[in-house]
Amino acid sequence: MTISIWRYSHLILAISSSLFLLLASITGVILAIEPIDNKLQSYYISDSENLSVSKTMENLSHNYNGILSINKDKNDFISITTVINGSNESFYINPFTGKKIGDIIEKAPIYKFATNLHRSLFLKSIGRFFIGLTSFLLFLIAVTGVILIAKRQGGIFKFFSPLVKENFSQYYHIIISRIVLIPIVIIAASGVYLSLLRFSILPETNIVHTVDYENIKDSSRATPTDFAIFSETKLSELKTLEYPFSDFIEDNYLLKLNKKEIIINQFTGEILSEQEYPFTAIISNLASVLHTGTGSASWSIVLGLATLAIPFLIYSGFVMSLRRPKTKIKNKFSKNNSKYIILVGSEGGSTLQYARLVYQELINAGESCFMAEMNNYSSYKQMEHLIIITATYGQGKATTNAKNFIKKFKNTEQNSPYSYSIVGFGSTSYPDFCQFAYEVDNCIDTDKKSNKILELHTVNNKSFESFSQWVNLWSKKVGVIIKLNKLEVASIKKKTSLFNVVHKTNVITTNNDNSFLLQLKSLTKTNYNSGDLLAVYPENDSTERLYSISKVEENNILISIKKHDNGVCSNYLNNLQINNKVEAYIIKNKDFHFPKKAPKIVFIATGTGIGPFLGMIKSNHEQKDIIMYWGARTKASYMLYKDIIEDSINNNKLKSFNTAYSKATENKIYVQHLIEKDQENIAALLKEKGVIMICGSITMQNEVLQTLEKICIEKLGNKLSYYQNKKQIKMDCY
Amino acid sequence: MKSTIETYLKVLVIVLLTFTFTAFTSKNSTQNYKCMIQMVNYSGEKAYVVVSLMNSNDTYEKTIYVQGDDKEWYPDLKKWWDFSTSKKEKIDAITGATIGNGERNIISISLDKKYINNGYKLRFESAVENQEYYAVDAEVVLDSETIKNKVDGKGYIRYVRMVPN
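Chains as they are written, first to last, in the numbering used here: chain D, 15 to 748; chain A, 10 to 174.
The hints are simulated quantities; they were obtained by calculation from the structure and are not laboratory data. Be careful, since some hints might not be right.
Think about it this way: if two alpha-carbon atoms lie no more than 27 Å apart in a straight line, the pair counts; the simulated DSS-like pairs of lysine-lysine are [claimed, not checked]:
| id | chain 1 | residue 1 | chain 2 | residue 2 |
| --- | --- | --- | --- | --- |
| 1 | D | Lys114 | A | Lys43 |
| 2 | D | Lys126 | A | Lys55 |
| 3 | D | Lys611 | D | Lys724 |
With the sequences and hints as input, model every part of the structure.
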């Protein structure tokens with residue numbers, strides 16, 4: 015529940031402030047240019063900071079005799095105000111020559127306009143109040159945002175750990191907000207501070223001088239340029255020097271320095287009053303400099319970029335919340351009148367969509383079915399079959415609406431025995447793939463009334479194909495006829511194109527291991543890499559099947575296919591003749607591309623999982639060290655790949671090819687055994703930032719991961735997830 | 010033809026003479042002053058101050074100087090604003106930046122001598138965003154005897170002092 019509170023506050027804060035925030039950020043970007051602009055027209059004279067005030071006064075006195083004040087701005091440009099022919103003039107000077115070097119930079123109308131809009135929306139005090147409030151809301155948005163990211167990433171210390179790309183808005187909203195977080199917090203906090211100062215809520219920071227005017231002396235006169243205070247003070251410390259208004263004894267020099275103000279007797283040079291600025295004055299000055307970027311081009315650029323990010327964050331944030339599917343569940347039957355109970359653990363809502371498909375199909379088949387969030391688990395009087403469809407949140411955590419499930423499950427007893435099946439949704443690019451689903455599985459397994467009718471089924475990256483596989487298995491076990499229609503899923507069918515069949519091998523049949531190779535050529539211009547997926551639509555079937563592909567000579571696509579006796583798609587592909595056309599499209603699978611930067615690579619595959627690796631080996635022109643472990647039932651299916659493998663070894667594109675044939679000898683050997691045997695090498699490879707890529711069945715993947723986990727802990731003292739986070743383990747399993 | 014040229018020349022001579030005369034007299038008939046406005050230590054925004062020339066009937070003659078360049082706040086200086094807008098004065102050339110509490114502002118003022126010792130005054134009126142408005146914060150009588158005296162203000166101005174320049 016807690017995450018929703020943060021998410022709702024994040025959203026409500028954003029909605030309530032978005033208009034003002036948009037205005038303030040756009041004008042803010044314009045205003046960020048002003049300090050850069052000013053800095054560029056440089057009136058800064060190098061080394062002037064080491065010149066003394068008295069020397070500057072002397073140099074100026076040769077040129078001007080009505081000087082009212084000397085000023086140094088935040089760009090370190092020095093200017094004076096002086097009376098010339100009866101009127102005041104201000105301009106930049108060179109303190110070494112005492113001569114004018116340029117007119118004061120006038121604030122351009124665009125900046126005046128933007129400043130006014132930015133500060134008060136042209137609404138005077140009311141506008142100031144709203145802008146101040148917006149600043150405060152921005153601060154709260156940043157804080158709730160930090161909490162949301164921390165929760166998603168599994169702790170504040172994993173704040174900057176890699177992120178899984180679910181979609182454009184989600185990915186860049188988080189990536190960009192992590193980058194601009196600190197400047198935005200500074201902008202918001204300093205903005206709030208300046209507003210509070212405006213409305214006199216914070217204490218004033220004035221210095222009040224007390225000078226005993228009755229007893230000011232004018233004996234022992236000296237020339238001002240000889241005053242000790244002026245020769246001791248350098249221009250680097252100076253803010254302003256106000257000259258005495260007239261030669262009245264009451265008039266004096268007022269020297270404003272970075273840290274203090276000094277009043278000096280104009281005749282004797284005696285210090286009449288010296289007061290340091292209070293701490294609040296220094297803070298106020300800091301807040302102003304941090305908020306406006308005055309005097310620093312580089313900080314202004316940071317401010318400008320951070321402010322530019324705000325409109326994007328508003329946009330992507332709203333897209334995220336609008337796209338988040340509705341999570342309300344409507345039921346036709348009550349919980350105690352339903353034979354089928356579907357429980358959903360869903361964070362973004364996409365898992366719920368898949369669950370809805372099953373629910374709808376069961377209702378259409380005339381069955382009584384009840385669907386609920388996992389947190390709402392309770393007793394179900396007529397339950398015969400329990401289905402749990404759950405995602406895993408962030409790194410191995412329960413989703414928000416499933417957090418209390420395990421506790422509730424233990425405290426609730428069902429009336430009669432029931433069958434159950436669990437589907438875990440997740441992404442193999444996260445270390446703890448479907449972790450929560452496994453925990454739920456273990457938990458339900460302990461209930462004496464439960465009967466596990468299917469092993470836990472995992473679905474990678476919302477694969478519809480994988481999900482419908484489970485539906486088929488489950489419906490067969492339970493004895494209810496349901497079939498999913500792909501078109502009912504919210505994600506629409508992609509635009510397909512045609513591929514020409516270039517080459518096809520015969521099926522190698524041994525020991526239930528029927529596989530063949532197929533080469534296709536795209537008839538349209540298509541970019542792809544080995545490791546991408548090909549979604550194939552067999553004729554008269556709207557359900558897609560995914561195959562891992564290899565890129566081989568002449569831009570051809572090579573697929574390694576296992577033929578299932580009743581497989582619609584594999585049989586369709588097997589029946590193809592040369593020059594037949596196939597309807598399909600390519601899905602980018604960036605997480606499973608060849609790691610170009612890795613010094614060494616290990617490929618682990620079983621059966622047709624070797625497919626994508628064939629193309630990667632063939633294109634290893636740099637002759638990097640690639641070691642391959644391959645598992646199959648017998649040696650017979652090796653014949654399909656023999657030419658490519660042997661060729662690659664001869665051309666130094668493949669260092670070694672290690673095989674495990676599980677049905678060939680008495681003692682069954684699997685790939686994980688090969689890896690256990692080679693653990694020293696595997697550990698060394700991970701240490702040297704090498705990459706391990708795994709492709710094949712989920713069962714194999716789990717076995718291999720267990721072996722790798724053991725190696726990591728024993729040989730390297732790290733968990734496997736440490737290397738997964740560094741993207742050193744890449745997986746594409748089904 | 011000849012008479013036309015003569016007429017032209019005559020006109021030219023008259024114009025030139027008038028111009029030099031007026032230039033000469035204007036140079037002699039104005040007096041420059043340096044004027045210091047010293048603010049008190051109030052709390053709040055920077056103050057808007059306007060300096061106007063008042064005649065002996067206590068009515069506005071013309072605007073001398075406006076301290077504050079954001080027109081948004083001018084209507085707060087109510088009496089002067091009524092006068093200045095009704096007369097459609099152009100004041101862009103006589104405005105300067107606002108001054109904060111405790112600070113001083115030194116301005117240069119140029120006055121026709123006919124205003125000196127003739128009952129005219131300089132009026133300083135002041136306003137601060139969301140705070141009180143002072144229709145008469147300080148007034149300096151344009152009398153050559155007393156003009157150098159310090160004049161205390163009643164509002165945001167602590168005192169005003171003028172010296173001939």
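So, going through the hints one by one against the coordinates:
The suggested pairing of Lys114 (chain D) with Lys43 (chain A) holds, with an alpha-carbon distance near 22 Å, which does not exceed 27 Å. Straight-line distance between C-alpha atoms of Lys126 (chain D) and Lys55 (chain A) comes to about 17 Å, which keeps the hinted pair within the 27 Å bound. Only pairs whose Cα atoms come within 27 Å are accepted, and Lys611 (chain D) paired with Lys724 (chain D) is accepted, the gap being roughly 26 Å.
Hint compliance for this structure: every hint is met.
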